[in-house]
Each structure stands twice: as structure tokens, then as C-alpha cells.
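Participant: What follows is each chain in one-letter form.
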Amino acid sequence: MLKVEGLNIGFSSGNEDGRVVKNVTFSLQKQEVVGIVGESGSGKSLTAMAIAGLLPPDVLAGGEIFFGRRRLRPGREEDWQNVRGREMGIVFQDPASSLNPLLPVGSQVGEVLRIHIGLTEREAEAEVIEVFKSLGIGPAKLRVRQYPHQLSGGMKQRVMLAAAICCNPSLLIADEPTTALDVTVQAQILGLLRRIVNQQQASLLIISHDLGVIAQLADRVLVMCAGEIVEEAAVGELFDHPLHPYTQTLLASVPRLDRPLYTQRKPVMEGLWGQGCSYASRCGRRQHKCLQEWPGRKKISPTRAVCCHFAAEGDANE
Amino acid sequence: MTLLVLRRLAQTVIVLLGVTVATFFIMHSAPGHPLQANPELRLDPTAVERWLELRDLDQPLPAQYVSWVSRMLRGDFGNSLIYNRPVVELIAERLPATLLLTVSSFLLALATAVVCGIYAAIRQGSLLDRLVGAVSLLGISMPGFWLGMLFIMVFSYRLAWLPGVGMRTPGGEGFLDLVAHMIMPVTVLAVAGFAHYVRYVRGAVLEILEQDFVRAARARGLTQKQILFRHILPNAAVPIVTVAALSIPMLFTGALVAENVFSWPGLGRWIITSTLARDYPVIMTVNMYTAMLVALANFLADVLYMVIDPRLRLNH
Amino acid sequence: VNSTPEAEPRDLHVAALANPINLNPLFLRDAVSAEAATLLHAPLVTTDPETLEPKPRLFASWEKKGDNLVYEFTLHEDVFWSDGTPLTAKDVAFTLRAISHPDYTGWMFPLMQYIAGAEEYRQEHEGEYADGEIEGITVVDDLTLKIELKQAHAPFLTYLTFAPLPSHVLAKTRVSELEEHPYSRTAEPGVGPYLLEKWRQDEYLHVRANPDYFLGEPQIKNIYYRVITNPEAQLIELLAGKLDMIPTAVKVEDIHTLATDQEIRIQQNPRLVYDYIGMNISDEDSVLSDKKVRTALSMLLDKEGLVENLLLGYGEPLHGPLLPLHFAYDEEFTVFEENLPAARNLLVESGNGSLDLTLIVNAGNVVRENAALIFKEQAAKIGVDVTVKLLEWEAFLAAYREGDYDLVALGRGADADPDLTFHWHSESAGNTLGYKNEKVDQLLEEGAAAVDKESRSEIYRRAQQIIVEDAPIIWLYSRQAVHAVSKDLTSFTPHPEMLFYNVHEWHWPMREDD
Amino acid sequence: MSEYIIEGKNLFAGYPAGHKWVKAVEGVSLNVQSGEAVALVGESGSGKTTLGKVLAGLLPHRQGRLYIGQKPATGRPVGEIQMVFQDSSAALNPRLTVGKLVEEGLVIHGERNKKERLQAVMDALTAVGLTAEYVNRFPHQMSGGERQRVALARALIMQPKMVVLDEPVSALDVTTGAQLLQMIGDLQKKYGLAYVMISHNLAVVRHVCSRVMVMYMGKIVEKGPVADVFAKPGHYYTEMLLEAHPLPDPRLRKDFTGYGDPPDSVKPPSGCRFHPRCRAAVAKCKRIPPGFAEISPGHLAACHLAG
Amino acid sequence: MRPHKKSGIVELVMGLTIVALLCLLAVFAPVITAHDPYVTDADNWLRSPDEVHIFGTDRLGRDVFSRVLYGARVSLAVGILATFLSVTVGTILGGAAGYLGGIVDRLIMRFTDIVLVFPTLLLILTLVAIFEPALWLVILVIGGTGWPGVARLVRGEIMRLLEADFTASARLLGATHLRILFVHLLPNAFGPILVAATLCVPAAIMTEAGLGYFGLGIQPPVPTWGNMMRDAQLYLRHAWWYATFPGLFIFITVFAFQLTGEGLRKRYNPRAAKRRDARA
Ligand SMILES: Nc1ncnc2c1ncn2[C@@H]1O[C@H](COP(=O)(O)OP(=O)(O)OP(=O)(O)O)[C@@H](O)[C@H]1O
Ligand SMILES: Nc1ncnc2c1ncn2[C@@H]1O[C@H](COP(=O)(O)OP(=O)(O)OP(=O)(O)O)[C@@H](O)[C@H]1O
Ligand SMILES: [Mg+2]
Ligand SMILES: [Mg+2]
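Protein chains in written order, with the numbering used here: chain A, -13 to 304; chain B, 3 to 318; chain C, 20 to 533; chain D, 4 to 310; chain E, 321 to 600.
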């Protein structure tokens, strides 16, 4: 369905080697929900944007992206031209700024249908009303004529969802779709996403720093740290037995309603950046080797891989 | 929306009132009176007297102000001291020439600036972008009168391609003749305008390009062109209208220079003659006229925002 | 412009430095309006371009009676206003009454004051219209008008060089509103050589030949009187062939360029203006109230040299108030020549070994500025340190009005008649210097009352001698009017006071290839 | 009574909007005891920040009574109550160094001795887990978590009795946030600080606070000990918030249905403001605003159906 | 906002260098040129540039180079002092409007609107026509009409910063109004004000030159670039150097200040800087 191989993204002003996304490789099956978690700045959004072909023009990107049978080359706008909006729907974090304030929302959603399916203005509107209804944007007839500022945040995010799915894409990319929303609204959007995956038989790539969201939606999880995927696992495995120390800290840091908080983050030690593990400088179990040597991706089971010298030995439940 | 327009209208009225007060104040701060100014002009003593009468010098200031304003509302702006004719008539004779000059250069400058500005923003960092930046910087630094003189020297005198004087060739008038006369002054004015606008347009478009909704539109599969016309341009319209409206006083200033360099028969040249001759009623009326024109243009620009932007239009 | 089709004769394009303000002959306050008006109006009397003696125009002839107290004028026959109404003595009488009317806002009344009853009319006339009668003015018949003066005044005829108004159009207008009447902008109906076709404000005045002009239809059918405020722009237009004439004010620096141009001719004529350096004698304590000092300063300049160097010969050195155009002018007359040792001696005699003086000059007139600078140099040689202050008009005027100067470089105009009363009679409003000499006053009064040219000439020369010896000012030169004209223009006879003096005779010769 | 640091009764507050008045807090009563941590939770726009600002003296209340210590509040800030804001980059003047920022309170209050000031700054920085090397840094040279610590140090140097924490960790990474929460807890113990902690994340307050107040559209709908409220919510709104919270455990998936949209805050619904979204609403809820009912000691819910 | 290192540095260095050079030329004019700008030489008028008069002579034989240098004094003085006035008035009024808000704000803003609708040059012409022109008057009038832009800017900045939490946080510590204004608000508005001020200077210089060109500025014989251009206009064909050098100096001066302003703008405009960082 989607295969990403050796994706590298860099800015000339980034880290030492300029890369902020390093050698990201993963794939996504039909109807699968894959989540990406990681701290802020770990490269989640960039990865998603690279897949959507929406990286800013001044970014250097390398690697291979295969979508279905198509090859999408980073930097080649034409590769994506007929993919985006039609076969690949994308939802962003901030619904408030993702809508053009000057156009009625119905018309902005209708754009997709007019461009990709060639519907007329009228037909598009009728179709949009249907989509709005199915996403619970009511009263749909009224809503299509309204402007973004007349809608609440949750409504706007639903409109964005409507625009992303109205061509029945086979892949939906959602970059922190609920971060800007209230819990109750977030719950609704998550419910919708789940429904879309089921009903439209689409795959979903969901990005979030909220492990709760990931836990609720994803089948498989990729954990990113400093531009690298440090761990990859089915969702159950990951939450039960996190292998990478980074994942462990992450999980332990989540404030939970049912468990006391636990954290053991150590401050970054400056000057410890090296060839080694990207988490080494903060890792509680750091050893000399971690700083010197890149651990490499260790495949542990068909669904599972981790990048840590000591992961296999470590106690996941510590 | 109507409420907003009305509120804005009320503000405009306040500004207009302020303009009259300011003008009145300036007029009254003039020391002495014009009779003493320039004996060589052989000013008509009755005209001067009549002007002094118009100021109702014997009455207290507020009363003078009220009667002055009410006279103006009736269309009586007084007589020129030199022409001894109603100032309004004299303005009407010259306004068309000035409007022709300013409006055409304004449109030219704005149109080119919008095209170049958008292009430069989209191709940020490209050769054209840098070229536009350089031209804008040079254009803004170029004194209009010098550019005008250079133009006359080169195109009228050395090459004899273009007429450098006036607006028409007497006896050989026609559309083409008019255009030939307009080329240089319009260009001088437009260069400054272009330099000024293009920065704003470029900045505005760059700002919009960074907005999430542009990325979202790309994500929906819109082409560059569709995004430009459906999403970027309408959003850029607000800042462009703003800068255009705010630049109107600048346009008048430019006309002042261009008209004098090219002997253009408009308000700008006349106001200089009148200023040198201390023709107070003329100076004041022209000041007030232009100020009011600007205030009204600003008002229209604000109404235009409301048409463009639903957030203002559909305010609860 | 110049390549007109054969059938249409060539037009004429004349440059003007400003927009005319008014075309009514009674309200011409500025030079440009006055010049433009001569195209559209015909004066009652004109003057000879050479001698400035009165010559007939609308008044075809006149007779003087009773010791120059009564004039009987006869109008030219068959003169019609452009609307077909004949011009009659009534029009002239109306015009004279309008000038004398209490509500008249123009400047011409001083010219009328010599007519018997004019003063009374101005004082006592009731009603807002120029009706009623002035005692000294009698309409004898349609073509004859009799004017009686209250005292003999020799220059009177030269005062009648203005044009009459059409009484049938304007008689029903209040005199106070005369200036605002559309006539001021259309000059219609007219009796002049040209009629107004179109006036684009600040742009040009287009006039078309009057087919019924009483001296014959002008040869050039259209004249465009173009407003170009920048002299340099005028020249560029002239060189580009878009102008045919820059009248009067061609810059000295440009004469050389223009003279070498194949298409252009330089033509000049003397004018009734002169430049001078005035001295602030109003202050009693000033050294300049000492005649010796003034005399010393009067002996500094080589006036012939000034004319040669500064005016490139386009002018006349001047030693006194009488100008070469005046019949009373004396070519031989000199009182002060350049004589630095004598000047130095006088200065020492006056008890001033050295002096510091300020000379104010109105910036903009290059020749006058340069004259001032030369004066400064010369003065330095006798120990007088002159500070030359070039001032813009406003600042200049302020300094002048407040007497904040020792010396001032100025220009002034003279009348067509050699009568020196206006500037030099102690009671004249025009005596801005405050010059006072009883002998001179007496002579000037005599001169105005005298009848024949010979004796008047004698009287004015005597007056001039006295004035110059008092050394109230330093006469510099009288500049000529320098016109740049298209080479082909024929019969253009410049007149010291009227550019379009014989405009009806101007023409373009047929070119051979036409 | 005397141990209350702050006590508010029937507080109203809001913002001027043209000629009208936007009500953000309506009839809230609360009190905070010394050393106690009280949580304020609710959806966006429910008035949490507004209430926080009223308590800190940044915003005058329109009605009701507010006592600080035993004195009525003047509507101006007093040093005893400090506030830490959500967006640490906006809450620190970008032109001042950390040292200057932290010592500002002392400077304002006339502490002349430079040495003493420096000492106090050092103490405050240490207390929030920063070192001396930060003194000369500017806000933009630090991470969000570090900035938030500086903001806390700035508050601590005033030796406040109470600190209002407005979403102190919502802008931070989980790991950083967790550390900060830990530290907040430590400080409470160490200095006997009282907190009012504003958050929309129920899980966050659970770790720091002992009492919780749930706000909905300007009103408090439920309050009580954290354990009680979370274990046995008395208001359907609280129940809904707990329900909607996505648990970080894939085995505990929820179906996420039926939450309804928050109503327009400009036109609040009649009666119980929550009734349009309430799964158990009855006719009465539409008409009559409910009063508090006691569910267990100290645990009150403003619901007709509670208790 | 805080300055962004490196961005706009090229413009800044270039602009400031030229400005510094011009200032040096103006200050050391008497040392640099041996010619007195007022001394006329009737034998040498309109001499084209040579070794003695490197910019030629004018219509009175005065040395154009020294007149241009002395003219720089006027231009720079007017530009800088008028800007100082504009910025002071603008900051005070804008600061008061932004900080006090309410009725004061509305009054000040309406007043600003009124001044803003008058075309500046026209208004200045009028004022100069009424009161006779002199250096101080030109400075006063240009400065006195140039402040509305600054006032609006300062007001906007102050209002934006008042909203910022750090103002609230300073209030919590008990900071006085003065402290908030001078420690927290104005320093943070400094960047935009500096940019505006830098762009005010060329505008003032241009206006002064325009006044001179119309004959309503500082009066001859004091040399200003504007009144030199006015004179030169009559000798366009004869003396190319006459209009060229003053024109060029106006151009260079305005250009230098614009460049400096551009550099500062890049440094202080976070958005532009962000873009730059992304690219660099
Ligand atoms: N336009 C840009 N210019 C420079 N650096 C950038 C840009 N965009 C992102 N980066 C850098 O790239 C890295 C990864 O950014 P990315 O947005 O992918 O992070 P993220 O994981 O999505 O974080 P968040 O959770 O905050 O959204 C960060 O270190 C960020 O600073
Ligand atoms: N400065 C202001 N002017 C006008 N209205 C405001 C202002 N600040 C907040 N409000 C309004 O007051 C109400 C309560 O806002 P408040 O910021 O207290 O909510 P909150 O609970 O803190 O929300 P969030 O979780 O989003 O921070 C909202 O409806 C908001 O729109
Ligand atoms: Mg992201
Ligand atoms: Mg809040």
C-alpha cells in the first residue's frame, strides 16, 4: 500500500549532518492504522509531509516512497498531482488555520470533487452535503454555505476530514488531528476516524504525541526519536512491553488516570552527541558503546523492530 | 455589516470634521493677510477684503468656524485671490488632468506591482525576485523630479521621441497624442508607486503562502494556479487594498512633483503657483479637497474589506 | 505642427511663462494676461514701436483743443464687434465710466483721474452700474467722443492704450461683478485681430483670426499661446520645432545656442525697463544718507562693460532715468563714469575709510545677480566690503519692506512717456525710494503741463541731471527684449510694450515646395 | 476560616466587548487552604483562565466577594499570589536574561542589595532544578520546559502563598511535562505552597492536586476530592470528560460516541447549561439551574439528578 | 521582537557604511573641499567638471562639489532631526493610545487619522507658505507631520505586547505602570520603532528636497540639494553636471537609509527571519 524507504529530510541548518529525519523506513498495509509517536521535534510531521509531498520547497529530501504501484519522488510535484486529495487524504493539526477564511466551507470541500472527479458546482455541493451528513456536520445544508469563522473548532476539523475523505482515498494521513481540540471533541474525531477506516476501507497514518490517541486507534506504532524510528511494534506489544528505553520513558511519563506518574528523564548532556544512538545522551542505561556506535535496526519479530544495543536484554517492565 | 459600515462612516465624518478644523486652524495661524505678501501680483484689494470678510474676523473663532463650514456645505469655498473666481470652479478645470495622471499611473503601478509581487513571492529567491527587490529599492530612492528631468533630457531633448511638456499638442490633439504626453509623467509617478506597492504585495503573498490553508489546499490536490487564484489572491486582496488606499496621499504628492516637472496642467502645478503667490483660499481648499478625497477613499477601502472578508461581513 | 497640408496655412505657437488670469482689458494685472489680451482686443490708441509716440488704432484720429485740455476723438469707421454690433463712442464712454466707477476693482483709475469729473464720478456716483455721465466725457455722435481734462497733462494720450468694452453686453452688469463676468474668460464679442477659440487653463489659449478685423484679416489663422512655466522646457520645445516663438525672455546663456540653429532667429528690441542698485537712504544715520558716499558708489561701474559682458550686447548702458526709447533721451548724457581713484577720494573725504554694506538681490535673475557680484568686486577695490545676499522672492521682499539692507538690486519699468513723475516726484505713490528734491518736483509738474515735445524734452533732461547728481540709485542698464523666433516668421515687429503689436501682419512666407 | 489563603464567593468576571459584556465566570465560589492544590478543569472556553486571573488579581471581579488572607481583594495583584502561564515563550520578556527576569520581583519590591538578590535568584533557580549557568541566557535560548521553570522561579522568589498554574504542561512534551509535574509536587511539599492548577487534562491534575473543581460554561458544576470525583463523578459532564479521555492502553478502547458539541458560549442554554449534551437530562434540567448537592463529604455536584 | 542574527546584515553594513560616509562628508566639508560654497565667480559660471571643480560650477560660478557637500548637512540635519521629532511624538502619542486605551486611544487615533489624510508634501507646502521657510521650520514641519505612521505602529505594538502574558506576569510582581512601559513594553517595541525611524529619515530627506525643488524650502544662497535641483532645472541642456550631482546625492542618501531600514526590517521581523532560517 505505502512503502517508505530510507527517507531522509534535512535542512542546511539542522543537526550536525543537517538531517532531521534519518533513514526512516516503514510500510503500511491496506486498511491498517499506523501511528507515529514521539516527542516534539522528532520529525513526525516532516515524515508525514514528505509522504504527502508537502515539504516546503527549501527542504532537502531523499529516499523512496511507493504508493500502491506508483513511485513518488520527493521534490517532484507532478508525482503527487493526481494522488493528493484523491487517493491520499490529509488532515492537519490546526483546523482553524487550515481553512481559507474567505470561502464558504462547502465550496472548499467541493473543490476536491470538482478537480478530481469533475463534478459541477451543483453536483459537488450536493455531494458535500451528503459527506457532511455522514460526518455529523449538521445542519449540512446550512453548513456548506457558512464560512470557517462561523464554525467551532470541532466542526472545522470535521470539515477538513470531509475534504480529505470525499474522494474515498485509500490512504488518510492525519497529523495530530486532535491536538487543538477539547477532550470531548477529540473523542468524536477519533470515533469518526475509526469509522472512516472501517467503512471506507482506507489505511490511516496517524501522528500524535498523545499516546492515548495512538493507543486508541493504531494497529501498529512507530516510535520516533530525533528523526529516527527507534522502535516499531504492534500496538499491544508496544504498550505492554516497550523495548527501547525511550519508549519506556515515554510511556512512563504519560499522566494516567489509573496510575501514579513516573519519570526518570535526565537532562541532556551537552557534547555527548556522536555517531551513536540518538537517545544515548538522555538514556538512563547509556553505556560507552551507545555513544560510539549506531545500534542498528534489530528485527525481533515479524511485527517488531527496535534500535537499541541493549533492548533485547533490558527489562521492558522496569 | 450595515452597522459596521455606518460606524465606519461615522468615523469618516469625524475625520472630515477634523480636517475642516485643522484647515481652519492653519488658515487662522497665517500671520497678517495676503495683501502684504506680494505687491508685484497687484492683488485685487476687494478680493482680499472679501476673503477677509469670509473669515468673519470680527466674530469669535467658533462662530467664524461655524459660518465657514456652513458656507462650504453650500458649496461656497470662496474666491481665488488671484483669479477672483470661485475656487471650486478653478479646481474643476484642473482636476481632470490630475485625475488622468494619478489614476492611470496608480492603475499601472498597482497592476504591475501585483503581477511582479506575486511572481516574486512565489518564486522567492529567484532571479526575478531579486530583480524586483532591487528595482523596488532603487525606485523608492529615486527622487521623482530628478527622474523626470533625466527623462526630459533623454527622451524629449536628445532623442526627441516624446513630448516633455504639457498634456496635449495644441492643434494636433488626439488620443495618441495624449498617450504620448502621458508616457513620461505617468512613468515617473508609477515608478515610485510600483516600488512601494511591490514590496507590500510580495510580503503579503509570502505571508499567505505560509498559512496552513494554502498547504491544506495543496493537500487537496489543487494545482499551483488554482491555489493562486482561489486562495492566495483573495486573501492578498486585503493588504493590497490597504496599501493602495493608504498610498493615495503619496499619489498626490507624486503628482505635485510630476506635474511641475512636465508642466502638466493639473492641480499639482497650480497649487505650487498658488502657494508661491500665497493664494490662501486656493491652498486651503485644495488641501481640504484632497484630504477629504483621501478620507473617502479610506472609507471605501474599508467597505471593500467587508465585501472581501466574511469575517467582517458576517460579524454577529 | 509645422508640416501642415498645403490648403491650411501654418499655425503659430507662442510660449507663455504663466497661465493668463483674466482677458478683460480692465482687469489685466499680470504681464501674461496683458500680453494675451492684446491678441483679442484692439486698443483705442497705440504707440509707435520706435518713438513711442501715440498712434491711431480704434481712434482713427484726434484733435487737441484749448491748450491740450480738450481732445476730440474720431473712431475708425466700420468697426464691428464679432457679434455684428458696430463699435461706437458709447462703448468707449461706458468703458471710461466703468474704470471711474466706485465699485471698479481694477488698477486703472489713476489713468482717468485727469479727466474732468472723473474724480467726482468716483466719489459721488450712486448705483451699481456704470451709467450716468462723467462731466468731461461727451459722446458727440456714434463715432466721435470728446474728452475734457481738468488740467493739461501731456502723457494723457499714451494712457489710452487700452481696449474698450462692448457696452451692449456689459452695461447691464454690476461693476462689482464685471471681473467675474464670463467676458473675462471669453473676450466675446471682440474687435481684436483674433477671437478666442478655446482656453484650456494652465495649458494653452487657442485664438483664431478675426475675419472682420478692421485692419484686415490676420494672415496666420490660428495662434496657440502655450503655458510652459519652465524656460528650459520652452527652449526644448522650440528646438524640437514645437514652438515658433519664445518671446521677450530668452536667457542670455541661450542666445548663442539659438543663434546657431538653422531654424531659429534671434530678434531683439529695447524695452521700457531697467535694472539699478538702490540705496537705503530712508535711514538718516546711515552712511548712505551722505551724498558723497553715494556718489562714490556711483562711480564704480563700467556700464558699457556690463552690457558687453553680462548682456552680450543685448541692452543699453544707462546713466539716468530716461531710457533710449524716450524722445527726451540724451545719448551723450553721462555724469558718473567708472573712476575708482575719484571714488576712493570721495569716500575718504566723507570720512569713511572703509565700509561694510549689504546688498540684497532677488535670486532668479542671473544677470542682475552677476551685476551685483561685479559691483561687489569693484567696491572692494575702494575699500567697501559688500556682502551680497541672494534671496528668494519672499525673503527678499521681507528684507526690502523692512528696510533690512543697505543696497538693493532691482528692476523697474518706466512709462512710454518720458514723464518721470511716477518714480521721482516727492508726492507720487510710486516714489518708493523716498526721493525728494523740490527743484525736480517743480520741473516734473512743468513737464506734464507743457505742450510741445521740444520744451518737454528740455525739462526732463534738466530733471534727469539733477536727479543723477543726487545719486539716489546706481543706474545699470536697460535690457533688451530678446525673442527667439522661427526663422520663417515674417513681419514680426516687436514693440517695447506689446508683443502682438502688429500680429495681423505676421505671416509665413509660401515655401517653394508648397 | 483563617487558614484560607483565598476565598471567593459568588464571583462574576468577564471582558468588555464593545458595549456588551462577555461573561466568562458566573457565580463561582471557592477557597484554597494553605499548602493545598486545587485543580480547575473543564473544556476550552469554560472560564478557567479567567477565574485564575481573577484569583491572581489580574482581572477585577464584577460581582461577589474575594478575600485574600482576610483582606478583601483590591483588584490589583499582591505578591502573595503568583501565576504561571501556559505559553512560556509569551510569559517571559524576550529582552531580559534569566537573571533579570527572576530578580525582577525583588527589584520592584526594593531589595537594594545586589548580592542578596543574586543569592535569592540562585536559590530560586535551584529550587526549580536549574543551575547558575542559566543566569545569563535569554528566554529564546532555552527549551519550553526550562522556560516554564524560569517562570516558576520568578514566581517563587516572591515567596508566594499560592501559585495559579495555568495549563503549565500542556505545551510541553510528555516527558518534559512529567518532570515539571513532579517538580511542582516537590515544591508544594517543600515550601507548603498552595496551587490552583488549571488544566483540561484530567489525568494531569490527578497527579498534583487533592481537590478538583469542574467548570462548564463559566460555572462550577462539580467539586470535591480528586479521588472521589474521579472514582464516582456526580455530574454527567464530569462523567463525560472522564469517558472521553483516551486511555493510553490499547486494551481499553472506547467507542467514542455521543458527546455532543459544546454550545455557543454567547447564548448559554437555559436551566442546567449542560442539559443539551447530557445523556440523562430530564425536563426539569431545561428550566431550572441546579444547585449543589452533596454526594459524599466535600464532594458536591450541581446536578438535579445527583445525590 | 529580538533581533535575528545574520539576517539583513549585508544590507545593514552597506547602508550604514554609506550613511557614515555621507555624514563624514557633511561634517568635514570644509576640510574636504577648498571651495567656499557661497563664493561666486562671474568668469567661471557653468564650467564643466575638471580638476579644480570636480563637479563643475553652477550658474554663478560656485563650486557644485562643495555645494553638494554643504547641502548634505542640511539634508542630513533635516532627515535626522525631523525623524527624531516624528519618532518622539509618534512614540508618545502611540504609546499613550496603546497603553491607556479607551477614550484617550480613540481621541489620539482620530487625530492621527486626520493628520494622515493630508498629503504630506501639500500640507508642508502650505505650512511653509504661511510661515516663512527656515531650517528649523522645515524640520519642525516635516517632523510634525511624519509622526502618524510611527504612532500607529507603536500603538499596535504596545497593544500586542499588553496582551502578552509577560506583561501580566510583571504586573503580578507588582510592577508599576512606568516599569511596565519602560522595561517591558517599549524595549520590545524597539525593533519596529527603529525600523520605522530608519525609514522616516529618507522620507524626510525626500520631502525636504521636494520643498527645495519647489522653491519653498530653505532659501538660497544656503545650498540644499533641492534648491540646487531647482536652479539646475533651467540649465538641463547646458550643464548635465548641475542637476546630476545633487540628484545623485539625494538618490544615494535615500538609498542608503532605505537599505539600512531593509536590513533592520529583516533583523527584526520574525517572519522574514523564520523564512530565512528555513532557507539557510
Ligand atoms: N521549516 C523548518 N525550518 C527549519 N527546521 C524545521 C522546519 N520544520 C521543521 N524543522 C525541524 O525539523 C525537526 C522535525 O520537525 P517536525 O515538525 O517533523 O517535528 P514533529 O515531530 O512533528 O514535532 P511536533 O510534535 O512539535 O509537531 C524539528 O527539529 C524542527 O525544528
Ligand atoms: N480578553 C478577552 N476578551 C474577551 N473575551 C475573552 C477574553 N479572554 C477570554 N474571553 C472569553 O471568555 C471565555 C472564557 O475564557 P477563558 O480563557 O477563561 O477560558 P479557558 O477555560 O481558560 O479556556 P482554554 O482552555 O481554551 O484556555 C471564553 O468564551 C473566551 O472567549
Ligand atoms: Mg508536528
Ligand atoms: Mg485558558
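It should be emphasised that the hints constitute simulated quantities derived from the structure, not laboratory data.
Don't take every hint at face value.
[As the list claims (entries may be wrong)] Pair ranges (Cβ atoms, derived):
1. C/A417 - D/V110: 42 to 48 Å
2. B/S72 - D/V110: 57 to 63 Å
3. C/K191 - B/E91: 36 to 42 Å
[Stated by the list, open to error] Computed list of lysine to aspartate or glutamate pairs in EDC-like fashion (alpha-carbon distance at most 16 Å, straight line):
4. C/K217 - B/D311
5. C/K217 - B/E212
6. B/K227 - A/E63
7. D/K235 - A/D205
8. C/K109 - C/D122
9. D/K257 - A/D205
10. C/K408 - E/E483
11. B/K227 - A/D244
12. A/K16 - A/E64
Don't be surprised by glycine CBs; every beta carbon is placed ideally from N, CA and C.
Participant: Provide an ascending list of the numbers of those earlier hints which the structure does not satisfy.
Facilitator: As far as the earlier hints go, 1, 3, 4, 5, 7, 8, 10, 11, 12 are violated by this structure, in ascending order.
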